[in-house]
Each structure stands twice: as structure tokens, then as C-alpha cells.
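Could you build the full structure based on these sequences and the hints that come with them?
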Amino acid sequence: MPDPAPRNILVAVAWPYANGPRHIGHVAGFGVPADVFARYHRLRGNRVLMVSGTDEHGTPIMVAADRAGVSPRELADRMSAVIRNDLRDLGLSYDLFTRTTTKNHHRVTQDLFRTLYDKGYVLERETLGAFSATTGHTLPDRYIEGTCPICGYPEARGDQCDNCGNQLDPTDLIEPRSKIDGSPPVFRETTHFFLDLPAFKERLAEWIGAQRDWRPNVKNFSLRLVEDLKPRPITRDLDWGVRIPLPEFEGRDDKRIYVWFDAVIGYLSAAVEWAHVTGEPDAWRDWWQNPEAGHYYFMGKDNIVFHSVIWPSMLMGYGAGGEVGGGEVPLELPDDIVATEFLTMEGRKFSSSRGVVIYVNDFLSRYDPDPLRYFLTIAGPENQDTDFTWSEFVRRNNDELVATWGNLVNRTLTNAHRNFGSVPEPGELSEADRAVLAEVDAGFETVGDLLERASFKAALGEAMALATRVNQYVSEAAPWALVKDDRQRAGTVLFVALRAVDSLKTLLAPFLPFSSQAVHELLGYEGRLAGPLEIREVGADDDDPHEVLTGDYASSVGSWTPSALPAGQELREPRPLFAKLDPDTVVEAELARMETAADLA
RNA sequence: GCGCGGUGGGGGAGCGGCCGUCCCCGCGAGCCUCAUGAGCUCGAGACCGUGGGUUCGAAUCCCACCCGCGCACCA
899 MPDPAPRNIL VAVAWPYANG PRHIGHVAGF GVPADVFARY HRLRGNRVLM
949 VSGTDEHGTP IMVAADRAGV SPRELADRMS AVIRNDLRDL GLSYDLFTRT
999 TTKNHHRVTQ DLFRTLYDKG YVLERETLGA FSATTGHTLP DRYIEGTCPI
1049 CGYPEARGDQ CDNCGNQLDP TDLIEPRSKI DGSPPVFRET THFFLDLPAF
1099 KERLAEWIGA QRDWRPNVKN FSLRLVEDLK PRPITRDLDW GVRIPLPEFE
1149 GRDDKRIYVW FDAVIGYLSA AVEWAHVTGE PDAWRDWWQN PEAGHYYFMG
1199 KDNIVFHSVI WPSMLMGYGA GGEVGGGEVP LELPDDIVAT EFLTMEGRKF
1249 SSSRGVVIYV NDFLSRYDPD PLRYFLTIAG PENQDTDFTW SEFVRRNNDE
1299 LVATWGNLVN RTLTNAHRNF GSVPEPGELS EADRAVLAEV DAGFETVGDL
1349 LERASFKAAL GEAMALATRV NQYVSEAAPW ALVKDDRQRA GTVLFVALRA
1399 VDSLKTLLAP FLPFSSQAVH ELLGYEGRLA GPLEIREVGA DDDDPHEVLT
1449 GDYASSVGSW TPSALPAGQE LREPRPLFAK LDPDTVVEAE LARMETAADL
1499 A
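Take 899 as the starting number for the first sequence in our numbering and just add one per residue.
Hints are not guaranteed to be accurate.
Unchecked claim - Pairs of lysine to aspartate or glutamate, EDC-like flavour, derived with a Cα cap of 20 Å: (1) 1017 <-> 1146; (2) 1077 <-> 1135; (3) 1117 <-> 1233; (4) 1247 <-> 1297; (5) 1478 <-> 1266; (6) 1001 <-> 1151; (7) 1355 <-> 1297; (8) 1247 <-> 1290; (9) 1355 <-> 1234; (10) 1355 <-> 1285; (11) 1001 <-> 1439; (12) 1077 <-> 964; (13) 1478 <-> 1297; (14) 1128 <-> 1200; (15) 1001 <-> 1435; (16) 1247 <-> 1283; (17) 1001 <-> 1137; (18) 1017 <-> 1100; (19) 1128 <-> 1024; (20) 1247 <-> 1488; (21) 1001 <-> 975; (22) 1199 <-> 1184; (23) 1199 <-> 1239; (24) 1099 <-> 1126.
What the hints assert, rightly or not - Restraint ranges, calculated between C-beta atoms of paired labels, are given here: (25) 1073 <-> 1096: 34 to 40 Å; (26) 1231 <-> 1329: 48 to 54 Å; (27) 1225 <-> 1432: 20 to 26 Å; (28) 969 <-> 1103: 40 to 46 Å.
None of these hints come from the bench; they were simulated from the model.
Just so it is clear, the structure is predicted and the values come from calculations on it, not from any experiment.
Even glycine gets a Cβ: it sits at the ideal position worked out from N, Cα and C.
Here's what the structure looks like:
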């Protein structure tokens, strides 16, 4: 297929909040789909910039820090490192995974705030706020509980009563108390800045209405939100967050920018930081100020509003303006907002506090990353909520990954390695030989088209169907029988099968990067398909040293093409790609582990 | 109230005629034996949530109801 000119693709991945380790539901939502998409586009020859980082400001981190007896900064440092390691171990190929506590991020956030303020999109309003009596900080509604004035339920939250379902205001609660320390909250007038969302209503409605490719849930939900927009606060009474860049707030420790506001700006600030780190400080503009670039955002469905309404409003309001933008070309709006539904755990909602959870690092301490990536793609919540069960995980691993793909690789390589030692020299190809190769080659088109459209489940299913197709070919051609009396023909069949496996390795590489690398090596290639990922320290020149997750993926760029495996290439000693799991022991052990955690919680 | 969904035993796709069709499993039978007891072939199994309607024709469009999930000042 003729390749069009390379496109610049921004893969903007939701920022995991650093108040604790992330669980597999989180990475099912933002991480794995985004990584599959980014890896595919690199293979396709496009210039990918995949950015994200840990989201480290706000009340929940202060609360968690308090509980742990450390400062917010210390807690954020600790959790950021844990999350960074988890994402690396899962093989999420960020070009830059940074943090919101960097100088660069604060600078970019302040520029956005300042510019929106100067252009009149920031309003100042008096509101009645709830404060912790002990710390004086803003107490978010969900951290206040008390007796519901409607149904008398004693543990109603400040925003809603879980018993009768009515929306509440924290001032409605009878005997309100802080969920953090039990003290009664103090209500008082406070001044905050608000983002004037209604100012963008018409432009948002027109822009969202014109979208053709968004998933229906995202588009309809967003259109509905736009009908009823209210100004939204962008500051809080805290001392942990980005400082408000206005003269009257200089040196003041009582107000900060609201964490959600700085978190969404991370997509931009991380791109700016990436450009700085790579030594081409303006390179980020190739994505952000380039109308030809594609901007793709990945998140769980609970985050849609920020990406389809609020962040676009901020971008529209900022326009070309500000110190960072430079005043000439407006910043690009999202092209697609890929929101994933929710994953549940053995029929229950994930809940860290109730022990219904499986953390990424815990999972990866016992199982390999590719089976998890496989499960989360083939059985994940792409279009509707789905349930993670251990028995289904084991089944998918054993009956699909091991039996179809792992076995194909193993039987093909074993036959070839044992009988020939290297890729056999083929004779003339038969019709069946050419047919199977043509079908696999066509996969680069079909799987690629599905990936373009973010249909990950279908794309992986298609690639797996091709593996089944090659299994059929191998069964029919039976090279193990041929080798006894027609060595030439056996060699031809194995040559065809090896080429098919080599192509499938590429087709599966976005989904299963670790095992595709293994196949690459077994086939006798040197070097890496992509990566490796690395954690390294940057920012020393800016007096702001911090660790980031990054990697060099240049080797994979443009290799989305059918195999050209040369005859004569030495094969390595085959070994199984995936571990088969014992259903009984795994399911029993994991369910017991979950029950123990739930009992402790 | 609004949005998304409800498809053989499990999980999904299909979203006006080719459809009760397709995919991954499970189940039954057979073939093969190179391969991690893996692979290949054939078969049984469904009132497409329920009730209405539109249409020459509906899983697919409309209405009502039932069930599940979600719904911004939480991050």
C-alpha cells in the first residue's frame, strides 16, 4: 500500500492521580488503548508524541499524605515513582511521562491562567465554601458527611445521599462532619476564580456537533453537557498546587489553582517539556500548532467532560495567545476523544478501600504484561462496562493466547529449527502458499484500518483470526510429514509459515510488544522492534531535576509491512512465548487473596 | 430526568433486506500427532430484555416498560 506522507499524531493519555498505586481498571481505561494506538502509528511511519504524567496536586493527595504522616510532596514523589514503574513494566511507550509538580508545568499552567484571565474568560465570584476547622483548607463536598435532611440516612455525603439518591448541598446536612478527621466543617464566604464556560457554549456546540468519528456515548453525552454550562471554579483554598499568577496573590499561601485545571494543561506542558528535553525547544509546535496533526485523547468515561468540554474551552480561549503559544497560531483542539467504559472486578466495582482491587504492580509480580494487555484489549470495556474475572483471564490466556498464537509460533519454529536450523530456501510457491501469505499481508490493511478508528477489540480479533488461518495452513500442509520424503517441499511450507509468523509478529506488536520482541529474536533478527522504555532524570539544567518515563522508539517507525524474512537466516532455539496457567490454582489463589484484602479493609 | 447498554451455556460483533449471520470460548463427534494434552474439521444449541408500532421487510428505526452501568464543581 502506498504510504502517505507521515502525519504528526499526538497521543494524549489521561494523567493518573498520584494518591496511590493504579489498578488494572485504570490502565484498561487510559493506558493500554493509548499505547496500542501510539505503537501502531509509529509502525505506520507517523511521528507520534505520546505524553502524560502523574497528577499530583489537590486535596486527596493532601489527605493521603496526612494519613501517611508525610508532606504532600513526599507522598507525590513516592506514588509518582510507583506509577512510573508500573507503566514502564506494562510497556506503555510514552515519549514523555512526567509530573505536574515540575517547574515547566507550573509555568505553562500559569500562562494559560494568565492568558484566559487577560482575555476575560476568568470570572471572580464570592461563594460559600466549606473549610476544615483543623487545617483551614477547602473541604470538598465529598469529604463532608452528615445526616441526610430528606431521608435521615446518617452517612450522606456533601454532594449526594447514597441512600435516597438526592442531590445535596453540604450546608443541608444535619450535623455535618469532615470525613477526614470528624471535625465539623466551617462554612464561610470565599472568593474564587471561575472559568467562564458559558462563553464557549456556541462554539462548543458547533464543534462537537460536527464530529463524525467520536464514539456515540462521548458525543451525545458531551452535547448534553454543553446545553447546561456553568462557570466552573479554578481555584481552591489550599497551599498545595500551582500558584495563582496575579500580583495580589504573590507570596500568599491560602489559594492555589484547582487541581483539575492544571491537570488538563499537562497535555500541553508535557509536550513543551518533551521538546525541551530533546533539545529542540520548538518541536512541540509541530503537533500543537499544526492543523494537519491528529490529536487523540484516551481516558475512562468519568473523564469525558474534561476532554470534550472543559479543555477545548480552555484551548479556544487561549487561542494563539500567551507566552507559550507565542501569539501567532492557535492551539489545536482534540480530533478524537476515546473514552473507555469501566472495568469491574469479579462482578463488583473496583474499590481500593474495600479491597476489591488488583494493582498493576501486584498483577505484574505474578503474571506477564502481554497476557494482561491481551485481556484488557480483547475483553476490555471498549464499548460497555465489562467484568474482569480470574477464570476468564486464565481462559483467554490459555485457550487463545497460548493455544492460537503461542502454539503457532512454537510449532512453526520447532519444525524449522529442528529440520533446517535456519529459514529454509523455498522452492516454487504453490497456490495455497501464495493464498495464505496474501491473506496475512492483507491484514496490514484490515488491522490497520481498525486501529486507525480505535476499534482495538476488532483489530486484535482480526490479527488473531489470521493466526488461526495460518494454523489451518500448517495443519493442511503438514510439514512434519513432508520432511520425511519431500524435504524441498517441507522447506517451502516452513518458509511460508515463518514469513506468516513474522508478519503476524508485526501485526500483534502494538498489542503484545514483549512477545513480538521475543518472536523477532527467535526468527533470528537482531535489535529491537521498539524501545526499550527507560526511566531517567531530566530537568537538571532548569534546576528542577525529576524522573520521567521515556524511550527511543525510532527503530519501529515505518515497519508496518509484510515480512521479508530472508532464506538462510539463522533461527534461535525455540522456547514457549507464554506461560500456561493452571485454572484451578490461579483462580482459587487469586480469589482467596481478594477475600483476605476485603476482610482487612 | 439525561446518556450508554441488555444478542445461543459464558463473552462479544452486527445496528433496515445477504442475519438468527459472524467471532472468541464451552459442549458433542471425528481427524492429525509438528507443537505448551496445543492444531484442524464437522455438529448440537437463540422466541436478538418485554410489549406495542413504522415498513413490502426489523436484532437493526420509533414508543412504552423492565433490568444494568454512568451522569461535571470528585480528581
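Structure-based check of each hint:
1. 1017 <-> 1146: Roughly 18 Å separates the two Cα atoms, so the pair holds.
2. 1077 <-> 1135: 18 Å, holds
3. 1117 <-> 1233: 12 Å, holds
4. 1247 <-> 1297: Since the Cα atoms of residue 1247 and residue 1297 sit roughly 27 Å apart, the hinted pair is violated (cutoff 20 Å).
5. 1478 <-> 1266: Judged against 20 Å, a Cα distance of about 11 Å means the pair holds.
6. 1001 <-> 1151: Given that 20 Å is the threshold and the Cα spacing comes to 18 Å, the pair holds.
7. 1355 <-> 1297: 17 Å, holds
8. 1247 <-> 1290: 17 Å, holds
9. 1355 <-> 1234: Given that 20 Å is the threshold and the Cα spacing comes to 18 Å, the pair holds.
10. 1355 <-> 1285: Holds, because 15 Å separates the two Cα atoms, which is no more than 20 Å.
11. 1001 <-> 1439: 12 Å, holds
12. 1077 <-> 964: 13 Å, holds
13. 1478 <-> 1297: At roughly 9 Å apart (the allowed maximum being 20 Å), residue 1297 and residue 1478 satisfy the hint.
14. 1128 <-> 1200: 19 Å, holds
15. 1001 <-> 1435: 14 Å, holds
16. 1247 <-> 1283: 11 Å, holds
17. 1001 <-> 1137: 16 Å, holds
18. 1017 <-> 1100: Roughly 18 Å separates the two Cα atoms, so the pair holds.
19. 1128 <-> 1024: Holds. Residue 1128 to residue 1024 sits at ~15 Å (cutoff 20 Å).
20. 1247 <-> 1488: Within the cut-off at roughly 17 Å; holds.
21. 1001 <-> 975: 15 Å, holds
22. 1199 <-> 1184: 29 Å, violated
23. 1199 <-> 1239: It holds: about 5 Å lies between the C-alpha atoms, which stays within 20 Å.
24. 1099 <-> 1126: Holds. Residue 1099 to residue 1126 sits at ~9 Å (cutoff 20 Å).
25. 1073 <-> 1096: 34 to 40 Å: Holds, since residue 1073 and residue 1096 (Cβ atoms, about 36 Å apart) stay within the stated range.
26. 1231 <-> 1329: 48 to 54 Å: Roughly 51 Å apart at Cβ, these two residues keep to the hinted range, so it holds.
27. 1225 <-> 1432: 20 to 26 Å: This hint is violated: roughly 36 Å between Cβ atoms.
28. 969 <-> 1103: 40 to 46 Å: About 44 Å separates the Cβ atoms of residue 969 and residue 1103, which means 40 to 46 Å holds.
Going down the numbered hints, you'll see the structure goes against 4, 22, 27, while the others check out.
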